[in-house]
Amino acid sequence: MITAEEKRVASLFKWLMQGVSYAVFMAGIAYFSVLPVYEHVDPSKAVIKLAFNHAGELKEKCRRLTPEEIQKLAPNMRRQTQCGRERLPIEVELYLDDQLLYRASAPPSGLWGDGTSTVYQRFVVTPGSHLLTVRLRDSYRTDSFDFEHSERIELRARQNFVVGFRPETGGFSFD
Amino acid sequence: MGSLKRALRFLFQRVEYSFDAFFGPALNPFVNLGSLGWFFYWIVAASGVYLYIFFDTGMVQAYDSIEQITNVQWYAGGVMRSLHRYASDALVVVIILHLVREFSLDRLRGKRWFAWFTGVPLLWFIYACGISGYWMVWDMLAQYIAIVTTEWLDTLPLFGESIASNFLNNASITGRFFTLMVFIHIAIPLFMLFLMWLHIQRLDNARVNPPRALAAGTLISMIVMSLIFPAVSQPPANLDVVPAVVNFDWFYLAIYPLLDVVPGGQLWLAMGAGTLLLILMPWLPPQRNKPPAVVNLDNCNGCRRCVDDCPYSAITMGARTDGALFDGQAVVNASNCVACGICAGACPTATPFRRATDLVPGIELPNFSIASLKEKILESTAQLQGADRVLVIGCENARQVSSSAEPDVGVVTVPCIGMLPPSFIDFVLSRNVADGVFINGCREGDCFNRLGAQWMRQRLAGQRDPYLRRRVPRERIHLCWLGNGRKKRRSRELAAFRVLLRDLAVSNDNGGGKAGG
Ligand code: HEM
Ligand code: SF4
Ligand code: SF4
Chain A
1 MITAEEKRVA SLFKWLMQGV SYAVFMAGIA YFSVLPVYEH VDPSKAVIKL
51 AFNHAGELKE KCRRLTPEEI QKLAPNMRRQ TQCGRERLPI EVELYLDDQL
101 LYRASAPPSG LWGDGTSTVY QRFVVTPGSH LLTVRLRDSY RTDSFDFEHS
151 ERIELRARQN FVVGFRPETG GFSFD
Chain B
1 MGSLKRALRF LFQRVEYSFD AFFGPALNPF VNLGSLGWFF YWIVAASGVY
51 LYIFFDTGMV QAYDSIEQIT NVQWYAGGVM RSLHRYASDA LVVVIILHLV
101 REFSLDRLRG KRWFAWFTGV PLLWFIYACG ISGYWMVWDM LAQYIAIVTT
151 EWLDTLPLFG ESIASNFLNN ASITGRFFTL MVFIHIAIPL FMLFLMWLHI
201 QRLDNARVNP PRALAAGTLI SMIVMSLIFP AVSQPPANLD VVPAVVNFDW
251 FYLAIYPLLD VVPGGQLWLA MGAGTLLLIL MPWLPPQRNK PPAVVNLDNC
301 NGCRRCVDDC PYSAITMGAR TDGALFDGQA VVNASNCVAC GICAGACPTA
351 TPFRRATDLV PGIELPNFSI ASLKEKILES TAQLQGADRV LVIGCENARQ
401 VSSSAEPDVG VVTVPCIGML PPSFIDFVLS RNVADGVFIN GCREGDCFNR
451 LGAQWMRQRL AGQRDPYLRR RVPRERIHLC WLGNGRKKRR SRELAAFRVL
501 LRDLAVSNDN GGGKAGG
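Same order as they appear, the protein sequences are chains A and B.
My numbering puts the first residue of the first sequence at 1, with every later residue one more than the last.
My numbering puts the first residue of the second sequence at 1, with every later residue one more than the last.
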């Protein structure tokens, strides 16, 4: 037979274990809501972001229409020149000192390839003094690049260094 | 798939039995996961409303306003903030467990597809809420989330420009994305509530509130945790500095580290495929539908008991079509009916005391009629001998007693224990078909058909129609709610029950006749 005393102990034990269950659950919730920490980037490194939008030149050069061709167009649609919509991809190169970090050809966006090209890249690099060089070609030119910028930079640990491109202010921006 | 379900089922059972020991079956958190989900949702909603009152929705001011809430009014706003975070995390935990458990119980196939199907998008919404919530703090974690999330979104061919470019550095940032997040963080929970409501539309008596003691224990322990270990912000966001190492909420962000190793596009693909697989789960492989319950109008008096007891909202009361003067008639919606038979167990006309030719109740299963139940009972008990003859009536979802291993025990299996009309127990004992009835059903709170075992208990206790008549000797009924585990314990209970029956026989011989008659 189970005595009243044993029953009391058993029910006390049950209460205790319920309390322990709640405590363990809540402690688990609180713990994993902040820990362990996640190392996304080595904190002794710096990051260079190469990011911009830029439209390449048109694939077909605009050309003058001949008088016969103008004649063929509907009267309200007559114009002197014809231009294609499609754009060239842009070619980008990024060097850190003499080391090539990135070289790519960014295609134009849009269903008809008539939009801007987008570049967005993140690089984890060692802090310190570096010569950073970036080049961009947005035309049919083959011998060289249309834009180029080279500058000595000082990177601190965890610094976020952005290489942008704004042709209206003369090309690449480093900040 | 079947063996995966069985393995998971086994695992859950092991854990649940040990929780039963401390909490008892009714308060066991594992049988209350869905309702705990609702409970956490309400905690998050209520604390969220409080926080929003003091929150400044501007990107620049947001961080400071949250610091104020956390530190200046730590006893109110601080606790609210902690509750908001911890209940959101707990929601993830219980819902993932809920998903796996319902899967292991196979409560998703055939006509039960609806709850599963509507549950899957809820997962996406829970995550969208949590992630947008961390964004709103605009601390270093928010900065990390903003950068990685937008980079990840950029791998989808949806946006013309790179949206990650919105978070390049302090010079280029604008508040428009932040405003969008605030909007998302309020709009999605509202939509979630609608989906949660939809989720249980095909279930009758869905438990959306956990038992009071469980709710109290959960809330109190969460408040205590909020006071001991309050949720705080990390340093404010500064886009000129790399968020290299961050404190991480693993409940919401566990997949983010993958983005540092797997291309974002592939992760989207994997998650899309995973979601599709989840959505299709109820039909993998398709289940053959059992024929739905049928109504026999000659025997239906419109009492509504079947409507009240059907766990799947498959019966409604319709206008009388046979001209009889009753209030209405039962109408079965075949696309909801899973053929559990619980309605037959509820119908007052399903009684074995009627002549066999008449034994057609108002509602029953076409491939397991009440008349055939009576036949099976008589057949399985015909050969039994002695003073401890036992009729085991078991649910097909619980582990069955083997009649060959147990001499003088007859076994009848029903689709759900809730299909057994209590009058059958009266019949077996009063007609001396057997000396005792052993009811073998699913574990408490764990009925495969959700409510069958609960209705059975209430009917036997006289709390629910149809009652077991008072004259039936209760000592000759043994209720065994062990589900499909615990083979040994079941045998022990059966053996003990038979000893009791033999003792009863001796005492009856000594003094007066057997009860009933
Ligand atoms: C916010 C999230 C969710 C909440 C609050 C919730 C809540 C509930 C509730 C209250 C029930 C009824 C339990 C009962 O009374 O028996 C239920 C059943 C169910 N839920 Fe959920 N649930 C959620 C998410 C999910 C998810 C993600 C899935 C799976 C993909 C899921 C699958 C199911 C299934 C299969 C059932 C049982 C249906 C049946 O018995 O036929 N739920 N849920
Ligand atoms: S058998 Fe009866 S109780 Fe079960 S789902 Fe069908 S109508 Fe509802
Ligand atoms: S329980 Fe039986 S009598 Fe009552 S409404 Fe349903 S079918 Fe008709």
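Think of the hints as simulated: they come from the structure by calculation, not from any bench.
Glycine residues also receive a C-beta, built at the ideal position from the N, C-alpha and C atoms.
Hints may be right or wrong, so weigh each one.
Unchecked claim - Heads up, simulated DSS-like pairs for lysine-lysine below, C-alpha to C-alpha not over 30 Å straight-line:
#1 B:K487 to A:K14
#2 A:K7 to B:K290
#3 A:K14 to B:K290
As the list claims (entries may be wrong) - Under 7 Å between C-beta atoms, here's a sample of chain B residues computed to sit facing chain A:
#4 A90
#5 I173
#6 A244
#7 V411
#8 T413
As the list claims (entries may be wrong) - Pulled a few chain A residues facing chain B out of the computed Cβ check, cut under 10 Å:
#9 V47
#10 M77
#11 T118
Notebook entry, point to check: Which earlier hints turn out false for this structure, listed by number in ascending order?
Noted result: Failing hints, ascending: 2, 3, 5, 7, 8, 10.
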